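For the protein sequence lines, the chains are H and F, in the order given. Going by this note's numbering, 15 is the number at position 15 of the first sequence; the sequence numbering is gapless. Numbers given in this note's numbering equal positions in the second sequence, counted from 1, plus 1000.
It is possible that part of the hints are untrue.
Ranges of calculated distance between the beta carbons of each label pair, as one might list FRET restraints [said to hold, decoys possible]:
hint: 1; chain 1: H; residue 1: A68; chain 2: F; residue 2: A1454; range: 54 to 60 Å
hint: 2; chain 1: H; residue 1: F12; chain 2: F; residue 2: E1304; range: 25 to 31 Å
hint: 3; chain 1: F; residue 1: P1061; chain 2: H; residue 2: A57; range: 26 to 32 Å
hint: 4; chain 1: H; residue 1: A57; chain 2: F; residue 2: P1705; range: 52 to 58 Å
hint: 5; chain 1: F; residue 1: G1339; chain 2: H; residue 2: E21; range: 38 to 44 Å
hint: 6; chain 1: F; residue 1: R1079; chain 2: H; residue 2: A57; range: 38 to 44 Å
hint: 7; chain 1: H; residue 1: A57; chain 2: F; residue 2: G1617; range: 52 to 58 Å
hint: 8; chain 1: H; residue 1: A57; chain 2: F; residue 2: K1220; range: 55 to 61 Å
hint: 9; chain 1: H; residue 1: A68; chain 2: F; residue 2: R1079; range: 54 to 60 Å
Away from chain H, derived, C-beta distances all over 12 Å, residues of chain F [stated by the list, open to error]:
hint: 10; residue: A1068
hint: 11; residue: I1266
hint: 12; residue: D1312
hint: 13; residue: G1544
hint: 14; residue: V1547
Honestly, the hints are just simulated from the structure, not real lab data. Since we're looking at a predicted model, the values are computed, not measured. Virtual Cβ for every residue (Gly too), placed ideally from N, Cα, C.
This is what each chain is made of:
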Amino acid sequence: MPDFRFDENKVFLENCRAALEALEADDPEMAAILRGNWEALLAIVGEGERDPKARVAFNTNVAAALDALAQSAPKGGS
Amino acid sequence: MMPRYFLTRLAIEGFRGVNNENDPLDISFQPNAVNSVFAVNGIGKSSIFEALCYAIHGTIPKLQLLQAQERPQDYYCNRFHSKGSATILVEFQPDDGTAPVSVRIDRDAAGARTVTSPSGHPDPEAFLGTLKEAFALLDYRTFARFIEESPLERGRTFSALLGLAEYSDCRQALQAASDSRALNSDLEIKVITAAVGAAQKAAQQALVTLRSSYENVTGKPLEDIDKLDECTAEVTAALGNVELLKPHFAGKALNDIDFEKIKTAIKTAEGGEKRRELEKAIESITALQALAVHDLAAIAAEQEKIGALIDDRDKLLASTRGDLFKRLYESAREVISKGVWTEDEKCPLCESELSSSISGHVTEQLAQYTGAAAKIAEVREIWQASAWKKCLASHEMATPLAVEPQTRQVSTLDAKFTAGDISKDELTAAVKWTSGLTAKVATVLKAVQERKDALEKELPPSLVQLTEQVEYGRQFKDALKLYRNNQKEEAAQQARLDVRERWRKFISRATTVFADAEAALSKSRINGIDAEYKSMFREIMQVGDVVPDLQRADDREDLHVQLSDFHGQHRLSARALLSESYRNALAISVFLAAALKHSGAPRFVILDDVTSSFDAGHQFWLMELIRKNLQQPQNANGLQFIILSHDGLLEKYFDRLGSTAGWHHNKLQGSPPMGAILHQAQGADRLKTTITALLAAGQVSQAEPLIRQYLEYKLQQIIRRVDIPVPIDFAIKDTSRMVSNCLDAITSAVELHKKASTLVLDAQQVKDIDITHVPAIVGNWVSHYETGSGSSLSAPALGGVVSSIDALAECFRYDDTSGGGTVRRWYKALDRR
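Kindly produce the complete structure, drawing on both the sequences and the hints.
Have a look at this one:
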């Protein structure tokens, strides 16, 4: 994918959506998992403070989604 | 386009230094003017800033720094308020002309916060959340820290300031989620890798049995493992052609054949104990042969490696000082990393001077603990994934070796390796135990083989061979099932591993993409304020040959502050060269330039005592910069500024501009934390009404602080209105003697003009001042209360003081009849109307 850049005129969430769309070019299935767990991702760091429990919760969700993907139709990404 | 908000009103009761029970401190602010709030020290100015912090952020930074045992929660509400609760009311005016929003924040005595909206906003807490921008509430500490902080901390502060806090948090979240260690543990990658290995190993073991049983049934080796279906057909055919077995095989696939039933049929044909013993011997031989799959040389290498790691672990543990010191070092690291302790060559416990760096010492000590923990983890991981563990488990569970359950070691070793406390001696014993078991295999195999041969000789040859054939057929069937199941399991676990590897690559790539985009956005915003903050810095400091420069690192959030020009020299450290006032001017310039560019919900900036390090000249230039260039509507894209200050010199500036259209000035007076704080705009009349009511009820002690407040207000009103000069140290003199300071300034000025024959006051006014009013105030207030002597005066005497100050103020006013009617006016000065 070409260099991705945020748009000065967009708000944070709009730029996040744009970043996810750009990442879909790399691996659409993985990008879908990240998109589905975006709120859980944002909970990992709040006002500069990391929350390890939120990270574990995010990765647990991701692991479940990855297992479902592996069971349904395993295929290679880029 | 979402509206932005001006702060138009703040009312406080029972919060921090503001008691004001049943009579809130109520201040209005104007969106179109610079708003200043002046109060001498201890009058509650900081409480205003803290009330806004609490309203918007829900906390007060100063109290957050307290230890839990200091009970910070007990210091939010005013400690003299009878209910122990607090109320803060804030009103905001949108800049698009829509309806104002008012929000009321209550904190009850138990510390519970409740947010409501008298104006009917559907979600007032969320509304306050939109005002949490780094530029809205700025105090001296924020600026002072900006230059002193590490480049990383400064970079994070700056991200928030540029409206990039969410981007910074999100990038850090991605970094946390893509961290290798976190991925390995959270996604169970090691567990799944071990499951793949276990399935492979089990399939290999099944394959050994598959090969031997195939060869025993068909008399030829199994050469092509990819043709297992054909091999299965051959085994079925070989057994199905035996006359005795034909009925059991006819038309059936191998998987459907009941070998137990066949064995029973053979036993029926020729029963006996020796037949069963022969079957058992054959089973034992197969089981013992399967144990040969373990690679003893590889296992010996694993054991040696574990031994070496245990030695390393023990050495590292020996060099540490135990768990208690570990906790001490970890606490010290936190104290140092958070910047609580900045004197690196001083001990934070005893404050004695050190000859070396405390942070270096703490890092070195903790590294020893970390090293030991890493070795323990490494030992545990090697054991869990080891061929040794699987070999030992197989041998202990192998029936022919007859290992008694109570003598089995593998679960005990597992617990010890998991806990990380296995000793070298225990390891040596475990190695010896394993070697004993592997050596025993050959002995037992030889004995079982001999017994099998003996039994075969004793039993009828045809049925002996048939029994063997059937048993090998059963083993082939079971091994085939096991082999295929483990292949499936391996494939399933491998798929889980593969998809996780895809995720690892993806999330790492996502982190890089996001971080690069954030860095580019941050640089762009820095460039966007570059000219602005440099120009502001020049304006405040009135210098052209000191030029600051902010540089963000390419691959990190670090923000470096340099001087691109320092009296002709270039690219030097700002931290090393700039004095405190220059540093603060730079920080203020950066914050204000960023605030101007920001498009967040707050369109106001509260500055609390930010000029403390400035001399009068620099204070003036900063105020002029705000007034002329930054305040809206002077600047169409500007902000509303609210400046809180205790600086006496700055007060003169506020007083001068306070009556102009572009400046709105408030002055606080009062007697916190017990008494009330009032500002001029709240009206002296209200104060006087309260005093009169208290005196009428005989509540003299409650009335006294209000009388002092009223006297100070009226005397300063005379000074300001009639332009009476005051000594240069007027504002910094003992504030408890403010009444006599004011009286001295007024009587000296009157005396001076009297002697110069320039006094504009009429003779009766001069006489009343000299003979009646000033002596009454001095006699019944100054000489009593400012000297701290004796008990309270009577209510009538204090009522007389209030009347005297009103009458004294009237001596500086006249009836103006020049416009036709009569208007009561203040003299412009002591020498003119």
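Range hint 38 to 44 Å (beta carbons of R1079 (chain F) and A57 (chain H)) holds or violated = holds (41 Å)
Exclusion check [D1312 (chain F) not at the chain H interface, CB over 12 Å] | holds (28 Å)
Can we trust that A1068 (chain F) is non-interface, i.e. its beta-carbon lies farther than 12 Å from all of chain H?
-> The claim stands: A1068 (chain F) keeps its Cβ more than 12 Å from every Cβ of chain H (closest is about 17 Å).
Please test the hint of 25 to 31 Å on the beta carbon pair from F12 (chain H) and E1304 (chain F).
-> For E1304 (chain F) against F12 (chain H), whose Cβ atoms are near 55 Å apart, the range 25 to 31 Å is violated.
Reported absence of V1547 (chain F) from the contact zone with chain H (all CB gaps over 12 Å) = holds (26 Å)
Non-interface label on I1266 (chain F), tested against every C-beta of chain H at 12 Å = I1266 (chain F) is indeed farther than 12 Å from all Cβ atoms of chain H, at 44 Å.
Hint says 54 to 60 Å; check whether the CB-CB distance for A68 (chain H) and A1454 (chain F) agrees.
-> holds (58 Å)
With respect to the beta-carbon atoms only, verify the hint that A57 (chain H) and P1705 (chain F) lie 52 to 58 Å apart.
-> Taking Cβ atoms as reference, A57 (chain H) and P1705 (chain F) lie about 55 Å apart, which means the hint holds.
Pairwise beta carbon distance, P1061 (chain F) to A57 (chain H), judged against the given window 26 to 32 Å | holds (29 Å)
Given the range 38 to 44 Å, decide if the beta-carbon distance of G1339 (chain F) to E21 (chain H) lies inside it.
-> holds (40 Å)
So does A68 (chain H) sit 54 to 60 Å from R1079 (chain F), Cβ to Cβ?
-> holds (57 Å)
Outcome of range test on Cβ distance (A57 (chain H), K1220 (chain F); 55 to 61 Å) | holds (58 Å)
The structure shown violates just one earlier hint, number 2.
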